[in-house]
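Undergrad: Given next are the chains, with one letter for each unit.
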Amino acid sequence: MKIKLLSGVAIVGLALVFAGCQKYPQTEVDAANAAVEATRAVQANLYVPEEFNALQDSLTTVLAAVEKEKSKLFSNYKDEVAKLTATTAMAQTVANNATAKKEQLKQETAANLVEIATLMEQNKEMLAKAPKGKEGKAALEAIAAELATIETGVGEVNNKLASDDIINAANQAKALKEKATGINTELTEVMAKVKKR
Amino acid sequence: MARRLKRKYRIALISFVVLIPLTITGIFYWGTPEPPDQELEKANSAIAIARNTISPDFIPQALRDAAVLYDSAMVYWRTENEKFILKRNYSKIRTLAIRAEQLALASPKIANQNSVGFLAAIESDIEKAKKDTAQIEQLYSRLPLPTSINKKYSQGLLLLNEAIQNLEQKNYKVCRTKLESAKANLSDVARHTQNLLTDYFANLSMWKRWVDQTIKESSQNQSVAIVVDKFAGKCFLYKNGVLKTTYDVELGKNWIGEKKYSGDKATPEGKYKITKKKDGRQTKYSLALLLNYPNDEDKRRFQEGIRNKTIHRNAKIGSLIEIHGGGGKGVNWTDGCVALDNDQMAALYRLVSVGTTVTIVGSLQPLTEVIKRPKP
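Those sequence lines, one after another, are chains A and B.
The first sequence begins at 1 in the working numbering and counts up by one.
The second sequence begins at 198 in the working numbering and counts up by one.
Heads up, some of the hints might be wrong.
As the list claims (entries may be wrong) - Selected chain B positions facing chain A (Cβ under 7 Å, derived; list incomplete):
| # | residue |
| --- | --- |
| 1 | D234 |
| 2 | N278 |
| 3 | K348 |
Stated by the list, open to error - The following label-pair restraints were derived from C-beta to C-beta distances:
| # | chain 1 | residue 1 | chain 2 | residue 2 | range |
| --- | --- | --- | --- | --- | --- |
| 4 | A | E50 | B | G223 | 48 to 54 Å |
| 5 | A | D165 | B | K280 | 46 to 52 Å |
| 6 | B | L517 | A | S163 | 53 to 59 Å |
| 7 | B | S345 | A | N158 | 21 to 27 Å |
| 8 | A | S163 | B | K280 | 47 to 53 Å |
| 9 | B | K325 | A | Q104 | 35 to 41 Å |
| 10 | A | E50 | B | A317 | 24 to 30 Å |
| 11 | A | A117 | B | E324 | 31 to 37 Å |
These are calculated hints, taken from the structure and not from any lab test.
We put the beta carbon where it would ideally sit given N, CA and C, even for glycine.
Bound-form chain B, shown alone:
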């Protein structure tokens, strides 16, 4: 009896010692949930690839969302790992990781679409800015522009250069900012020069009429006449209505536009006559031809300016507008006169006389033709 009991006890003990640990181990082995490491690894890899292939300036929301989902999955994983091993549930983590991977995989395509549009816009803006620059450049050296506009132009050029540099370095956001500023500066300058010229060339038909009339009179009266084209910087000598000679001329510093008052350094536009031929001690420029500025039209315009308060009431209309020597400097430097180099002045001086018509106009050609001329 005692032996049987002992045997039973032994069987029970063996069962306890062997089976219980085996059962526990089995429960833990088969009951432990599979960790979501593969899903997270895939998501992490997709995010890393996307981040390394996409420029930082074009990272789409999808990739940011993917990173957030991945981080959330990691937080949940840590939280689940804090629980008792058999109570852990990784299904939510798997869902988050799979979604993160999907978003990360879609990101390069989205970024590519965004970048294509962005780069196309940037390239188009750069082209526009270059076009503005070319247009300004075409006229820039010929026009007396205010210092503020000169400054704006050089700033615009510098910013455009920086924008192009940043584009080459793939700093797209900085490129965009620089380009916006460059565009603003260059557009302002282009608008300013365009408005200046459009206003200026509004008188073209009148100038043409003056010139036609001058040539006709030269032909009818068998006389000599001078036509000055300010924009071209040329002086044309007509004899009996036929063009004989062309000279280069230099004008007042602010040559563009009509002369309004004394000291504005503008060269007047109008039909004038030579009133005096000066030489020797009569002039400091070896030779000079005094014009009858101001004529009646100049006086009328000056009075109107005073009335309109566009000219200061203390201003004077000015006088002593001449065609004189001392030119050939290659710059518009006079106080409003027309300057030729001394040799050409001497030649012209010989051909004209007191009473010769001198017609000074802004341009003989329309703006569209003028801007086609090569840069001097």
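This is chain A alone, in the form it adopts within the complex:
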């Protein structure tokens, strides 16, 4: 009886030893990797670089933790699975934030383009009415050349928007708006002086 009991204990013991190795969380690893890749596809590295770097660090750390667990005699992936799931969720957030940031930049650029168009209309109107006074025709010609440059720039911004180069489009639109505003201020001051006379 005793012999049977001891044999049973030995068998159960050995079974427990080998059953102690949990299954490698391949599904979760794949899901996390795919989620991070998806953030790259929406150019999160460009639009939310800090969040993207944090996500990458998180993935690298959790993958190392998974391998560490796998290197052990008795692997237990419970914590790592939780971390992988969290990383996948984090990737989703980063992707959403990148998309939102991109959309925000697009809208800002579109708004800037509208403002530029309004400013350009006003500028052209004022330029036509501007007196050929002390500043001279050369100055007005220079302003006309600047307006032409802004118009060319607006074309470039639209091309960049069309080719999804949103960040550069946004920066250029901002610079063009500043330039158009500068000219507008200059011309408005000139026109105000004229009215006073």
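Since the structure of chain A is already known, use the hints to place chain B on it.
TA: Leaving out everything else, chain B in the frame of chain A:
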């Protein structure tokens, strides 16, 4: 006998049940290699710190290599983990991880060295571009520049502004690209204006000679003489060799350079005489002083231009160059004449007579002095 055998059997069984698992467990426990997690963790941490501290535009090769070594270490680790636990060997992974950590730790210093050089070059280029801009700006409003140059100048300014904005936003690569384009545009404009002025001021000694001669003649003949400095936009009235009055003048739209042919909107340079004083219905500018343009030198130059084919064979030399009223617009607007505002014209008109010398020169001062003058 049977009992002894039973006892032996029992001992053997106990040994099997207890010792074998213990031995196996011991073999696995002590035989399992230590995973390289600490080395990899250090490498990963060093890479993350380096990546977060270094601007993306200055990431050195060392950091890229570190990342590759880390990835390779992870691949090897996975491969080793696929093997039977007692056959695993993590030494290569450790070596790769340690090397990755070393490279990552060295990266910020390398990046700093690279960025210092890069930023110094960018700042120096921005300074150069600003200097070019200041130089152009100094002369820009005074010169009749072609539309293409005007356009290039405004493009250059816009690009320079964008480059500075990108520098502030630490978009160094974009800044570099914008700056290169800005520099190219502004350098072209600076070169164009510089060449235009250098060519123009090559005649300075001749102009000075004309003016000296005019003042001397005014002194010797006790007469009135007029000197027009085109670059300064001034007209000087001399009486008996002494400067009496200075007037502001406006010139032809393309005033810089010599007048070559009719319709070029350039104001001629040379020594002329007043041939007629016009008033009333004789002129549309209230008062006017007709000059003897073209003089012999103008005719000779025009013929030479036709021969050299620098002037079209159907072109005409032009005439009716006057000093007249209607000025005060603050812009060079005439077809080649010299315009004063009506009050000043009336004053000048009273002081001169037919035969009065009118010497028109490009400038009375050298270019180096002219560019020091405040912008009008």
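Undergrad: Run every hint past the structure and note whether it holds.
TA: The hints, checked one at a time:
1. D234: Status holds, d = 4 Å.
2. N278: Since the shortest Cβ distance to chain A is 5 Å, the answer is holds.
3. K348: This interface hint holds because 5 Å falls under the 7 Å limit.
4. E50/A / G223/B: 48 to 54 Å: holds (49 Å)
5. D165/A / K280/B: 46 to 52 Å: holds (47 Å)
6. L517/B / S163/A: 53 to 59 Å: Holds: the Cβ-Cβ distance is about 57 Å, inside 53 to 59 Å.
7. S345/B / N158/A: 21 to 27 Å: Between S345/B and N158/A, where Cβ atoms are some 24 Å apart, the hint holds.
8. S163/A / K280/B: 47 to 53 Å: holds (49 Å)
9. K325/B / Q104/A: 35 to 41 Å: holds (36 Å)
10. E50/A / A317/B: 24 to 30 Å: Cβ of E50/A to Cβ of A317/B: about 27 Å, so the range 24 to 30 Å holds.
11. A117/A / E324/B: 31 to 37 Å: holds (35 Å)
In terms of the numbered hints stated before, the structure departs from none.
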